[in-house]
Amino acid sequence: MARAGGRLRRIARSGGHAGVLVFFVTFLVFPFYWMLMTTFKTTIDLHDVNKNPFLFNEPPTLEHLKVLFEDTQYLQWLINTGAVGVAVVVITLVLAVPAGYALARMTGPWAQTLGIAIFLTYLVPPTILFIPFARIIAVLGLQDSLWSLVLVYPSFTVPFCTWLLMGFFKAIPRDLEDAAMIDGLSRLGAFIKVVLPISLAGVLTAIIFAFTLVTQEFVYGVTFITSASSYTVSVGVPTFLVRGDVYFWGSMMGACLIASVPIAIIYNFFVDRFVAGFTVGAVK
Amino acid sequence: MTATAAAISAATARRMRLADDERRLWPLMLAPAILYIVLLVGFPFFLSLFYSVSNVTVGSRDMAFVGLENFRRVVESGTFWIALGNTLIFTIVSQLFVLLFANMLAMALVADFRGKWLVRFLILLPWVAPISLGAIGWLWIYDSIYSVINWTGQALRILGPNEWPIWLGQPNLAMASIIIVQIWRIVPLATVIILAGLTSIPQDIHDAAAVDGAGFWRRTFQITLPLLLPITLVAVLFGIIFTFTDMIVVFVLTRGGPYDQTQVLATWAFFTGIQGGDLAGGAAISLFLFPVLVAVAIVFLMLARRAEVT
Chain A
1 MARAGGRLRR IARSGGHAGV LVFFVTFLVF PFYWMLMTTF KTTIDLHDVN
51 KNPFLFNEPP TLEHLKVLFE DTQYLQWLIN TGAVGVAVVV ITLVLAVPAG
101 YALARMTGPW AQTLGIAIFL TYLVPPTILF IPFARIIAVL GLQDSLWSLV
151 LVYPSFTVPF CTWLLMGFFK AIPRDLEDAA MIDGLSRLGA FIKVVLPISL
201 AGVLTAIIFA FTLVTQEFVY GVTFITSASS YTVSVGVPTF LVRGDVYFWG
251 SMMGACLIAS VPIAIIYNFF VDRFVAGFTV GAVK
Chain B
1 MTATAAAISA ATARRMRLAD DERRLWPLML APAILYIVLL VGFPFFLSLF
51 YSVSNVTVGS RDMAFVGLEN FRRVVESGTF WIALGNTLIF TIVSQLFVLL
101 FANMLAMALV ADFRGKWLVR FLILLPWVAP ISLGAIGWLW IYDSIYSVIN
151 WTGQALRILG PNEWPIWLGQ PNLAMASIII VQIWRIVPLA TVIILAGLTS
201 IPQDIHDAAA VDGAGFWRRT FQITLPLLLP ITLVAVLFGI IFTFTDMIVV
251 FVLTRGGPYD QTQVLATWAF FTGIQGGDLA GGAAISLFLF PVLVAVAIVF
301 LMLARRAEVT
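Chains A and B supply the protein sequences, listed in that same order.
Going by this note's numbering, the first sequence opens with residue 1, and the numbers climb by one from there.
Going by this note's numbering, the second sequence opens with residue 1, and the numbers climb by one from there.
Hints in this document: simulated from the structure, not taken from any laboratory.
Just so you know, even glycine gets a beta-carbon here, dropped at the ideal spot from N, CA and C.
Careful: at least some of the hints might be erroneous.
Capping the alpha-carbon separation at 20 angstroms, the derived lysine to aspartate or glutamate pairs in EDC-like fashion look like this [to be verified]:
# : chain 1 : residue 1 : chain 2 : residue 2
1 : A       : Lys51     : B       : Asp143
2 : A       : Lys170    : A       : Asp71
3 : A       : Lys193    : B       : Glu22
So, partial list: chain B residues that the calculated Cβ filter (under 10 angstroms) puts toward chain A [said to hold, decoys possible]:
# : residue
4 : Val56
5 : Leu139
6 : Ile180
7 : Ile274
8 : Ser286
Stretches of chain B that chain A covers, calculated by requiring three or more beta carbons in the stretch to come under 8 angstroms of a beta carbon on chain A [claimed, not checked]:
#  : region
9  : 83-96
10 : 121-134
Start from the sequences, fold in the hints, and give me the full structure.
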């Protein structure tokens, strides 16, 4: 009797487990599934309200992707995003790698507070700063230029990556550097020749996150850039592929999908480190 | 000859000393990053304080001090109160659901099962994909004519034959639609943060409790959830920041419409300051986001201090 009850409860629990997973996966993935369906459906099929929208009522088509790459500046936007991303990553590393190391090795009550203060600046949102930036960028003559984004994006990638790298460097035992310094290397030399080479995983994580933050950014892009040829993907698709009341749904959904999925795949490999950075030591 | 050699060796010695002198080395390594942050976060922030008490516009170069005039203008406009109310509803309702959903999902994900890697990848998509693009996907799902939600509702007979909600066209529905998208976007982040907390709870504690006869629910409510509290707080703090100050979801889905009924502070600051050219007014509006930021920062500092002590 007790055993039957236990088994029932176990079945109920694993059923509940599966139910929770199915519900959330459906909710969270559905928009992407819907992008995929829409990308390959003909316009007539998309606009027929009497047919089941979950099925291909007409054979799939590549027409929308053709329009996207041939008749819009989507490819240019992808290139812009990549270019801005690379430039921002370089600036971020130059600034954040030394700063992260210094914070990790500094002693005294200051160090921890300074680290947290830098991390907190990451939380200052673009929606507080975009108004003064609009004017600063105008004064610098950078409107409509990708350089405006290259200049401003490190303001959030540097704080985040400094914090992330600080965590990495802290995990490297000091003994390694002490040994290297006994062997005649300077403090700086020990950092460059001993610590950096074994921190490549951390540096790679910083690169991935700086790049991801760049691809996700929207507010500054829509504020500084008005000419279509200088958009990044996250700004160009929502603002330029909608012309008046005409929505090119097939092409838009393709555009969203192509820009989202590769980033998601790469990001997925690094998510645990990202979370470790986010949790500010609340988990031990 | 010897003078030069001496100079060189002196220079080398100085460089050597610098490369070894931690009291000078650390500040030098930190300086560039801090300088960049001060110039590109601190300076614009003070500029925005300054703008909010001036009459600066996009077009003109002159600026005059107008005191609290902009704040008076902002507070007296009806849109401000709608935007403030919407921002609070948007934040509180979405984060309550995020709290519930992320805890449920994290507990479902802590167990080992086949295909866990795939499930985790799939549920992370909304957070990793650029939100402006994800919101475009929802725009199509909420479409006034071709909404798949309405089609499904009718097919399942949840909606009557003449019921066809215009998701983004009716104020209450539009607000609900926006909140759903924000929940959709934040749940993955909160889930992975809470999951990190769950996996850090030693299995011994559960085993000991099970030996003592505690069942699943008792273990959940008396052991797991209390231990998860700090990390859940972290997840909620990020959720609050990313929701309270967000303009992307509302911007893409409704542009604040219909008739400003879904306007939030951030979008309204954008429409006033950037599209309307009234930088001073826009700066005044966006400064209303600041108190929440400060509050969250203080809680973070307290959490960090606590983690340091224990």
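We went through each hint and held it up to the structure:
1. A:Lys51 - B:Asp143: Within the cut-off at roughly 16 angstroms; holds.
2. A:Lys170 - A:Asp71: Judged against 20 angstroms, a Cα distance of about 51 angstroms means the pair is violated.
3. A:Lys193 - B:Glu22: holds, 17 angstroms
4. Val56: The hint holds - B:Val56 has a Cβ within 10 angstroms of chain A, the shortest such distance being about 7 angstroms.
5. Leu139: holds, 8 angstroms
6. Ile180: holds, 9 angstroms
7. Ile274: Holds. Min distance 5 angstroms.
8. Ser286: holds, 5 angstroms
9. 83-96: Per the Cβ count (0), the hint is violated.
10. 121-134: Satisfied; 13 residues make the cut.
In summary, the numbered hints that this structure violates are 2, 9.
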